[in-house]
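S.K.: Place chain B on chain A using the hints.
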Amino acid sequence: MIGGLFIYNHKGEVLISRVYRDDIGRNAVDAFRVNVIHARQQVRSPVSNIARTSFFHVKRSNIWLAAVTKQNVNATMVFEFLYKMCDVMAAYFGKISEENVKNNFVLIYELLDEILDFGYPQNSETGALKTFITQQGIKSQHHSKEEQSQITSQVTGQIGWRREGIKYRRNELFLDVLESVNLLMSPQGQVLSAHVSGRVVMKSYLSGMPECKFGMNDKIVIDKQGKTGSTEDGAKSGKQSIAIDDCTFHQCVRLSKFDSERSISFIPPDGDYELMRYRTTKDIILPFRVIPLVREVGRTKLEVKVVIKSNFKSSLLAQKIEVRIPTPLNTSGVQLICMKGKAKYKASENAIVWKVKRMAGMKESQISAEIELLPTNDKKKWARPPISMNFEVPFAPSGLKVRYLKVFEPKLNYSDHDVIKWVRYIGRSGIYETRC
Amino acid sequence: MTDSKYFTTTKKGEIFELKAELNSDKKEKKKEAVKKVIASMTVGKDVSALFPDVVNCMQTDNLELKKLVYLYLMNYAKSQPDMAIMAVNTFVKDCEDPNPLIRALAVRTMGCIRVDKITEYLCEPLRKCLKDEDPYVRKTAAVCVAKLHDINAQLVEDQGFLDTLKDLISDSNPMVVANAVAALSEIAESHPNSNLLDLNPQTINKLLTALNECTEWGQIFILDCLANYTPRDDRESQSICERVTPRLSHANSAVVLSAVKVLMKFMEMLPKDLDYYGTLLKKLAPPLVTLLSAEPELQYVALRNINLIVQRRPEILKHEMKVFFVKYNDPIYVKLEKLDIMIRLASQANIAQVLAELKEYATEVDVDFVRKAVRAIGRCAIKVEQSAERCVSTLLDLIQTKVNYVVQEAIVVIKDIFRKYPNKYESVIATLCENLDSLDEPEARAAMIWIVGEYAERIDNADELLESFLEGFHDESTQVQLQLLTAIVKLFLKKPTETQELVQQVLSLATQDSDNPDLRDRGYIYWRLLSTDPVAAKEVVLAEKPLISEETDLIEPTLLEELICHIGTLASVYHKPPSAFVEGSRGVQHKRLPGSAGSGESVESPDTGSAAGVSEAPPAVIPSQGDLLEDLLNLDLTPPTTTGPPPPASSGMQMGAMDLLGGGLDSLMGDESEPPPIPLRTDTPQSPQLPHQSPSPPDYSPTEVGPGDHAGLVKLGGDLGGGPAMGTGFGAPPAAMPASFNVPVSGGLDDLFDLGGGVGMPMGVFNPPKTVWLPAMKAKGLEISGTFVRRAGVIQMEMTLTNKAMSVMTDFAIQFNRNSFGLAPAGPLQVLTPLSPNQSIEAALPLSTVGPVMKMEPLNNLQVAVKNNIDVFYFSCQYPISMLFAEDGKMERQVFLATWKDIPNDNESQFQIKDCHLNSDAASNKLQGSNIFTIAKRTVEGQDMLYQSMKLTNGIWVLAELRVQAGNPNYTISLKCRAPEVSQCVFQNYEMVLKN
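Heads up: the sequence lines are chains A and B, in that order.
Residue numbers for the first sequence follow the numbering used here, beginning at 438 and rising by one.
Residue numbers for the second sequence follow the numbering used here, beginning at 2 and rising by one.
Derived by calculation from the structure, the hints in this document are not laboratory data.
It is possible that some hints are incorrect.
As the list claims (entries may be wrong) - So the derived label-pair ranges between C-beta atoms look like this:
id, chain 1, residue 1, chain 2, residue 2, range
1, A, Asn-499, B, Ser-49, 27 to 35 Å
2, B, Asp-554, A, Asn-464, 30 to 38 Å
3, B, Asp-398, A, Thr-737, 51 to 59 Å
4, A, Gly-770, B, Ser-439, 31 to 39 Å
5, A, Lys-694, B, Asp-554, 52 to 60 Å
6, B, Pro-332, A, Lys-694, 49 to 57 Å
7, B, Asp-554, A, Glu-759, 35 to 43 Å
Said to hold, decoys possible - Taking lysine to aspartate or glutamate and the DMTMM-like style, the derived pairs with C-alpha atoms no more than 25 Å apart in a straight line are:
id, chain 1, residue 1, chain 2, residue 2
8, B, Lys-94, A, Glu-584
9, B, Lys-328, A, Glu-829
10, B, Lys-207, A, Glu-698
11, B, Lys-68, A, Asp-460
12, A, Lys-521, B, Glu-365
13, A, Lys-742, B, Glu-365
14, A, Lys-694, B, Asp-276
15, A, Lys-567, B, Glu-243
16, A, Lys-656, B, Glu-243
17, A, Lys-567, B, Glu-365
18, A, Lys-848, A, Glu-609
19, A, Lys-532, B, Glu-65
20, B, Lys-328, A, Asp-720
21, B, Lys-30, A, Glu-829
22, B, Lys-319, A, Asp-720
23, A, Lys-694, B, Glu-214
24, A, Lys-567, A, Glu-583
25, A, Lys-656, B, Glu-365
26, A, Lys-448, B, Asp-4
27, A, Lys-738, B, Asp-398
28, B, Lys-46, A, Asp-460
29, B, Lys-403, A, Glu-733
30, B, Lys-283, A, Asp-696
31, A, Lys-496, B, Asp-133
32, B, Lys-328, A, Glu-786
33, B, Lys-6, A, Glu-450
34, B, Lys-273, A, Asp-696
35, B, Lys-68, A, Glu-536
36, B, Lys-360, A, Glu-740
The C-beta atom is built at its ideal place from N, Cα and C for all residues, glycine as well.
Extracted from the complex, chain A is given alone in its bound form:
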């Protein structure tokens, strides 16, 4: 199991050092600094073995988090734990920065004592942790006996992510379908790979211990209903259903139920959380198409023309559109003409950045650039990195639709109809690249 956990700043100074196992000596802290943080060459693996000790590290801004062990630990678990640790810290004090870590070091030690015991991760749900790790210097007698046992049963219980007795005057929930659409296209316009990775993120402000059921246009579910229901209905909805390659759920979702009935039911945590993640590869709506044209004129000039076409309903508007066209290292000057938006050559990033604030569906726009090159002796050809694109669209490129989200709370007197529900779809570009 995890033998110790260290947090360093970008210089390699230790901010937090907590050792859980006797086999981890004090020199481990230095070993990581010397061999990884200060290494002459950048380390090429997130796992390093130094003097028969294994170090796992992740970086958040310029803070290093390292877990160390001498045993054959579950490596996946260690990384998942490190991410979780970051989430917990962020939930307590915001951004993970040197200043914040130093300001909250007592809290971090307290958290580390609670969520990692002898190197075994324990309950790390912020909801539960915040009930008893408060940093207000509470006195031990502060809690009543009932409160105490309520805390402990929540921390250890089956529903470790939600406490009892939550009350809201207005029962409300917000549901965001956030998708990132990824594309790799060849210069000829052939889709080399495309997939959508989506997340269903919720904010729930519900009283009591509500039981929720979430439904979407999952092909498997719709087809099943199509069989039992009227054939007409099945045929109609079948068109709109989507094939989900795979999905994963927050730990509140009853997985066995999903496995057997493919229904998504759960008791939600209070506040923000990510209900599910999913991935689709079939019938993806690619919101933009990028058509590059690169011509080398002699050895000292490049002509680049890039056309973008929006491919969605003309009533919808895409936002924050940015096209990034890489330029060779020996670029000396760039002349730009674009029909829409603003374009700029950024020498420090070796790229032309073209920004368009808004663009409706079924439109087309283009940019042309003349790139002057310095003559070089460098034999190596310019690698021509792909043209990448960023955007945001108000629909789900996978075609996912929320069909329902039902809330039942048998003990309290509010029904599904009383809950105010908000649904929003946002599609963003992930890695959206076209080779040129």
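M.R.: Same frame as chain A, now just chain B:
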């Protein structure tokens, strides 16, 4: 006011000030002071002097302050065990606190304090907490049992905590179950044979129920534990699989991978024609693909695992090629891993896509990645025949880019393609020859030379090309030299008329001007072959070579099986068994996959020897990422090294060979004034294949090495380079003798070796020969071989460091891990001059025996770290225990008698030494050389009894009775010692000394 200020105080007298503040009456001030202390502790300052003052703050009702004090205690209690006792009362009191959080905190912290006196007091509170009414306390207590076991295993057993822990598996609270499972699994690891976990269908059922209810981490503990279970039959296996598959949809990747591990293992037991088997296979692909959209670090772990899964069950991901395409912004470690998997999944169906991708990658920036991509193209050509032509043309395109490393890499793989498809693509040779000048890496040069030699008849100016290489012959690496030698001989056999001079030149360069025994050997063999029977030479040298196969980079099957059992863990990331990087008893046990459907054989085999091929390799830790695509052919560029002794017959055979060849030599050598030295192959181990297997072609030896250990052996040799060849001249005693001590060296060879020894010197101290400790391929080109000697009471580690890399090595340093007898370097490693490529240097390191002690397994194991300007490398070696026998090890007769009686008979162990032909006096003499002193000798009924004593450097006495019967080559030896675990080592030492 912020807490970050605590990190900045560095003024003098700080400790004194803190002391005052800690003893302040004001609570706030106290707390501030403790915070300061913790901050100082974090940055590495020693604040242990404040121990009593901090402990005084423990009695508080402020939970935050209490936790800080506990944190301090955990850090410093070990250094102040006496004062730590002060804390016991508070702990015991806290364990009775009405607040469950405080009870748990106390028991959790107590378990972290490794002080015997505290541990004693821990038992009672722990017993209560294990049965506490509050689940939070129970789950904490469960882990505490594992902590206690780590401190004092015996105590845990005596107190019956293990049974209580087992009961907790049936607890009503899922988190208690999960923690109990984690604790039991950990304890069971250090008792491989105890049936501690006692997994049976009832407990499995309990675990599966808890699985649905506990936290994500708990699910991981339970799944990892389940993976150790072996279902009784396929039906049980299926029902467990059915209950585990829902976990594949969990958001936590570790839950997913642990579930995959359980499924991969239990699937082995399902009949392949079962519908469910197919369903399961289909269910595995999507979650594995989903892992690739996780954070890059997790992707890396997932990819290393997928690499294993694909080798075991290629069908799972065969349609998922696209997801492994490299993204421009992937971190380099993800890119390299993806490339590996792409090659594994390449097939006729997807080859066009893969090639297009690879070509794209070959234009990227990262040199390692580009090289790997180019190699991958070659691999595709070899793997998918239909694509070979396209691959070759892609490679030619890449050569046109003239990017130096791309060209070199392309030439290396084209050589492989020639070997797979002979007489098909030779038209490209002209293009290759154009790039001769740009080749500066040995591997590429060697490949090019091979091509020129192999196709000499089609290259008009082959002789000129080879001659141009010959000019700088001595500056080339061994690999290139050997290849050049072979190529020129080939050329000579093909075009004898014009190249006589050239062949003479290369033969004399190889045999007379070279210090490398491999090169000399090969030179002589060719020389003789050519001079005796050119026809035979032609048959041997130009023989048809076997084709190379495509799948040489697969992980060896037993290792693969073991790694599949470790999916998700570090072992699966390193692609090494846990025993290779975990110290002590943990993880030494090798896991195996269960037998296939129907056969209910036992699985958890404690028989560690079964995976011998794996465990015998010197433990190396760093995963060798680069070697997946290691060229298929360079095996003979440097002849293999076998570590075993030369076959007994070898000396005879070589003598014969010499007679046969001797005659022709003179004529061929012409102007040679003195007859060439007879190549007594004193260092035979290096390349037995040359003289013995004459039908096999002496250049590229077959690479389709058979399954199992042989493969490992040959591969090892191939990468080792010259092996342990340190010979300075043929007449000199062998620098490298067979490695294993216990194998009798055949008589004939012995005589040969013993040239210098002569007769009447039985007193010589026996020092084991040097063996290779760190092969070059494990250490980026640094090879270390060595031995231990004891001279006049000083133990020395004598090493030969050889640089087989391309760059100069400097800044050597050495360090030992803690070991059984506290061996430690007595001074720094004296390698003062930089070690240039292909240079060897001798270094003697005096050792002391006052270093830190830790019991090793085996007892005489020594783990060493060597550092140079390139990296840090690790190896382990075993020293003969006689190094530790002190010169003053002769006991007084009386004392001996008394001691012998005094040591209980249980401590006596008896061994047989077989096939030893010395008489008792000679034996006694020989042993004395190693500080084993004969105190008395008695003869009873024709049997000599020698009573001997020796003293280890750490003061342990070992007494021995050696019985020697005239005419009987088997000795019996009885050893008595107060520390009986050394007996085995001492016996081995006797055997070694007596037989050498």
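S.K.: Run every hint past the structure and note whether it holds.
M.R.: Outcome of the hint check:
For the hinted restraint 27 to 35 Å between A:Asn-499 and B:Ser-49, the CB-CB distance of approximately 32 Å keeps it satisfied. Between B:Asp-554 and A:Asn-464 the beta carbons are some 36 Å apart, a value that agrees with the proposed interval 30 to 38 Å. For the pair B:Asp-398 and A:Thr-737, the beta carbons lie near 24 Å from each other, so the given range of 51 to 59 Å is not met. Taking the beta carbon of each, A:Gly-770 and B:Ser-439 are about 33 Å apart, inside 31 to 39 Å as hinted.
Distance hint check for A:Lys-694 and B:Asp-554: the Cβ-Cβ separation is about 43 Å, which falls outside the suggested range of 52 to 60 Å. The given range of 49 to 57 Å is broken by B:Pro-332 and A:Lys-694, whose C-beta atoms sit roughly 37 Å from each other. Range check, B:Asp-554 to A:Glu-759: Cβ separation about 42 Å, and the 35 to 43 Å hint holds. Restraint check for B:Lys-94 and A:Glu-584: satisfied, since their Cα atoms lie roughly 22 Å apart, inside the 25 Å limit.
Taking the CA atoms of B:Lys-328 and A:Glu-829, the gap is near 21 Å; set against the 25 Å cutoff, the hint holds. Our distance criterion of 25 Å between C-alpha atoms is met by B:Lys-207 and A:Glu-698, whose separation comes to about 23 Å. At most 25 Å may separate the alpha-carbon atoms for a hinted pair to count; B:Lys-68 and A:Asp-460 meet this at roughly 23 Å. Restraint check: the Cα-Cα separation between A:Lys-521 and B:Glu-365 comes to about 34 Å, which exceeds 25 Å; the hinted pair is violated.
For the given pair, A:Lys-742 sits about 23 Å from B:Glu-365 by alpha-carbon distance, which is consistent with the 25 Å threshold. Annotation: proposed proximity of A:Lys-694 to B:Asp-276 holds, straight-line Cα distance about 22 Å (limit 25 Å). Under the criterion of a C-alpha separation no larger than 25 Å, the hint pairing A:Lys-567 with B:Glu-243 is inconsistent with the structure, at around 36 Å. Between A:Lys-656 and B:Glu-243 the CA atoms are separated by roughly 23 Å; this keeps the pair inside 25 Å, and the hint holds.
Simply put, A:Lys-567 and B:Glu-365 have alpha-carbon atoms about 48 Å apart, too far for the 25 Å limit, and the pair is violated. Taking the CA atoms of A:Lys-848 and A:Glu-609, the gap is near 18 Å; set against the 25 Å cutoff, the hint holds. A C-alpha spacing of about 23 Å is found between A:Lys-532 and B:Glu-65, which places the hinted pair at or below 25 Å, so the restraint holds. The straight-line distance between the Cα atoms of B:Lys-328 and A:Asp-720 is roughly 21 Å, inside the 25 Å bound, and the hint therefore holds.
A C-alpha spacing of about 53 Å is found between B:Lys-30 and A:Glu-829, which places the hinted pair above 25 Å, so the restraint is violated. At most 25 Å may separate the alpha-carbon atoms for a hinted pair to count; B:Lys-319 and A:Asp-720 meet this at roughly 21 Å. For the hint linking A:Lys-694 to B:Glu-214, the alpha-carbon distance of about 13 Å falls within 25 Å, and the restraint holds. For the suggested pair A:Lys-567 and A:Glu-583, the alpha carbons sit about 17 Å apart, so the restraint of at most 25 Å is met.
In summary, the hint linking A:Lys-656 to B:Glu-365 is not supported, as the alpha carbons are separated by about 40 Å, beyond the 25 Å threshold. Simply put, A:Lys-448 and B:Asp-4 have alpha-carbon atoms about 20 Å apart, close enough for the 25 Å limit, and the pair holds. Of the pairs offered as hints, the one joining A:Lys-738 and B:Asp-398 holds, with about 24 Å between alpha carbons and a cut-off of 25 Å not exceeded. Note on B:Lys-46 and A:Asp-460: the hinted pairing holds, with a Cα-Cα distance of about 21 Å set against a maximum of 25 Å.
A C-alpha spacing of about 20 Å is found between B:Lys-403 and A:Glu-733, which places the hinted pair at or below 25 Å, so the restraint holds. Our distance criterion of 25 Å between C-alpha atoms is met by B:Lys-283 and A:Asp-696, whose separation comes to about 14 Å. Only pairs whose Cα atoms come within 25 Å are accepted, and A:Lys-496 paired with B:Asp-133 is rejected, the gap being roughly 40 Å. Between B:Lys-328 and A:Glu-786 the alpha-carbon distance is near 19 Å, which keeps this suggested pair within the 25 Å criterion.
This hinted pair checks out: B:Lys-6 and A:Glu-450 have alpha carbons roughly 15 Å apart, not beyond 25 Å. About 23 Å separates the Cα atoms of B:Lys-273 and A:Asp-696, which keeps this hinted pair within 25 Å; it holds. At most 25 Å may separate the alpha-carbon atoms for a hinted pair to count; B:Lys-68 and A:Glu-536 meet this at roughly 23 Å. About 24 Å separates the Cα atoms of B:Lys-360 and A:Glu-740, which keeps this hinted pair within 25 Å; it holds.
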